[in-house]
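In this note's numbering, each residue carries its 1-based index in the sequence shown increased by 2.
Treat the hints as calculated values from the structure; they're not laboratory data.
Any given hint could turn out to be false.
Label pairs and their computed distance ranges (CB to CB) [claimed, not checked]:
no.: 1; residue 1: THR407; residue 2: HIS192; range: 19 to 27 Å
no.: 2; residue 1: ALA379; residue 2: GLY439; range: 44 to 52 Å
no.: 3; residue 1: ILE394; residue 2: PHE334; range: 22 to 30 Å
no.: 4; residue 1: PHE558; residue 2: LEU425; range: 13 to 21 Å
Quick reminder that beta carbons are idealized off the backbone N, C-alpha and C, glycines included.
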Amino acid sequence: MSPILKRDVAETVRQARRLAAAAGLSNYNEHEYELNCAGTSRPPNTGGDEGWEWDERNSTDKSERRASASSISHGITSPVVPLTATKPDIPARSDSDANREAWNSQDRHDRHERLAAAHPFARPSASFENERDSIEMAEIAEEGRLLGGDDLEKGGLGKWADLRGLLFSSTPSLLFALVGLVFCGQLLEHCARWRVFRRVDELFILVPMIGNLKGNLEMCLSARLGTSATLGELDTRRVRRSLVTANLTLLGLQALLISSLAAVLSFLLGLMTTHRLGDVPSDGTAPGTVADPSIDDPWREGYTRPGPAQLVMVLATGMAAAGLSALVLGSFMCALVVLCRWVNVDPDNITPPIAACLGDLLTLFLLALAGTVLVGAMDTPVPLVSVIIMGIAALWFTHRVMRDTWVKDIARGSWLPLIGAMLISSGTGMVLESGVGKYRGFALLAISMTGLTGAIGAIHANRLSTQLHRRLHPGSGSMDHTPHSVAGRLQAAYDGLTPTQSIVVLFALSFPCQAAFVVFVNATGWIDVHLGWVGWVAYALATAFSLLCAQFFTLFCWHRNLDPDSYTLPIHSAIVDFVGQLLLVVAYEIARRLGRDVMATSTR
């Protein structure tokens with residue numbers, strides 16, 4: 003059983019015993035189920051010399067282990083302060099519990115002061131509870147078990163162990179993401195026939211933007227929590243609860259604000275496009291109704307200027323879908339990261355593909371569902387009231403986020419990459435629109451060319467960011483933090499796979515996943531075009547570009563003292579989508595010049 007799971011079980015038992023003692027059902031000893039940082043039982047301190055000897059031995063052992071762990075931190079200049087416990091000069095009192103309580107209070111305060119000054123993971127706190135949380139979190143982060151000390155004493159984590167973990171963790175999540183992205187495309191094709199998409203076709207413009215943004219938000223959330231899990235910040239229940247709550251609050255704020263911006267942008271783009279006159283059938287017998295299109299009665303094309311009702315409808319639908327998706331998927335990703343920590347699995351190998359896949363799939367489903375609910379009340383005040391309520395919720399989220407020390411700094415600087423990714427995605431949509439109408443099977447192949455390669459690059463970015471947070475920190479001014487220097491020190495410091503080795507492994511892993519995707523779509527009959535070796539070369543170039551781009555952006559953000567968990571993934575995802583689809587267009591053109599039948603019927 004992992005230490006975090008042991009600690010959670012012990013705390014649950016302690017709370018149950020405390021409630022039973024309060025009800026008079028049993029006696030309760032506060033230290034009976036107390037665990038140390040490694041998750042093993044700590045003997046109760048009775049106030050005698052025997053207990054102090056154990057504390058001194060334990061503190062000495064922990065100091066030695068921390069010293070050995072810190073010796074592998076190449077370039078980190080933060081000193082390691084031994085936390086040797088000395089018996090304080092406390093007047094003898096008859097009440098041993100009061101004596102122990104006084105010492106514990108003073109000890110926690112002194113340890114907090116020393117750790118806050120000596121260790122980069124110890125965060126200053128004003129309240130007593132937060133002081134205890136900071137001490138527990140810093141002790142866990144300093145433990146050799148988390149920084150590599152225990153593993154190095156046993157011969158190190160080892161490259162083979164890291165390789166096995168990467169292969170066996172990433173492969174199922176990548177295959178799951180591919181299947182999810184394929185069904186996301188099928189869901190979009192099915193939902194396109196729903197009444198809400200026919201009456202308010204600005205929602206078609208909103209779908210790719212809000213899907214990309216929601217995927218980025220969930221990937222950033224999983225990256226931040228994955229780093230926190232590796233640093234030990236999720237190992238205590240109290241700290242974990244506050245950290246998860248803060249990140250979910252930030253996720254809700256980002257989802258509401260970014261979705262409203264995307265809705266306004268899609269409405270403005272809708273003013274410049276040709277709209278389907280779908281509100282009135284061609285026979286004109288039933289004004290205000292929507293008839294299903296057919297071959298005999300096709301939809302007419304024309305220009306209809308969207309009005310205020312369409313704007314409010316798009317705002318209400320987009321904000322509702324993004325908010326509900328943030329609540330459901332955000333909670334799921336938090337639980338997944340904690341579960342990975344419980345079973346000692348690296349969440350960076352699992353969460354990025356799942357976050358990207360479920361972000362698109364769930365957001366599209368909720369967008370269609372919310373639009374279907376609201377389209378019947380489009381000419382009533384219901385959509386406007388919904389927008390006002392969600393705007394008030396965004397203001398409350400803003401108030402909570404700006405008062406929370408966990409996410410306050412992240413909230414101030416995480417908007418630029420999200421907005422930049424949204425602007426890049428608009429260009430990607432133009433490439434996709436032109437390719438779908440010109441080439442056969444372009445939409446399905448674009449899923450693997452962009453979705454799979456982007457997920458592989460996100461895994462590498464998450465792993466590299468976690469290694470940077472574990473081994474280096476930008477607070478040492480005497481060190482060279484250029485991307486080349488940082489990459490070189492990581493190659494020497496990490497006992498698992500180095501960043502270069504991770505790139506090679508992920509690049510090789512991508513081809514079996516792509517082959518499985520090609521076999522699947524051919525077996526189901528969803529695609530009847532074969533690009534041959536040209537398609538594989540384009541896929542290899544897209545994968546290599548994704549991995550190298552992930553490494554460059556992560557090291558560049560670290561060099562600029564920007565958190566890679568918040569800045570790298572949105573820009574990386576948008577650029578990989580754009581470049582991947584451009585490479586796919588080039589592959590189709592080369593295949594056409596080689597005489598392959600790849601063109602759509604309408605363009606022949």
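Each hint, compared with the structure:
A hinted range of 19 to 27 Å for the beta carbons of THR407 and HIS192 is inconsistent with their spacing of about 45 Å. Taking the beta carbon of each, ALA379 and GLY439 are about 35 Å apart, not inside 44 to 52 Å as hinted. Between ILE394 and PHE334 the beta carbons are some 26 Å apart, a value that agrees with the proposed interval 22 to 30 Å. Here the CB-CB span from PHE558 to LEU425 is close to 19 Å, well matched to the stated 13 to 21 Å.
Checked against the numbered hints above, the structure breaks hints 1 and 2 and satisfies the rest.
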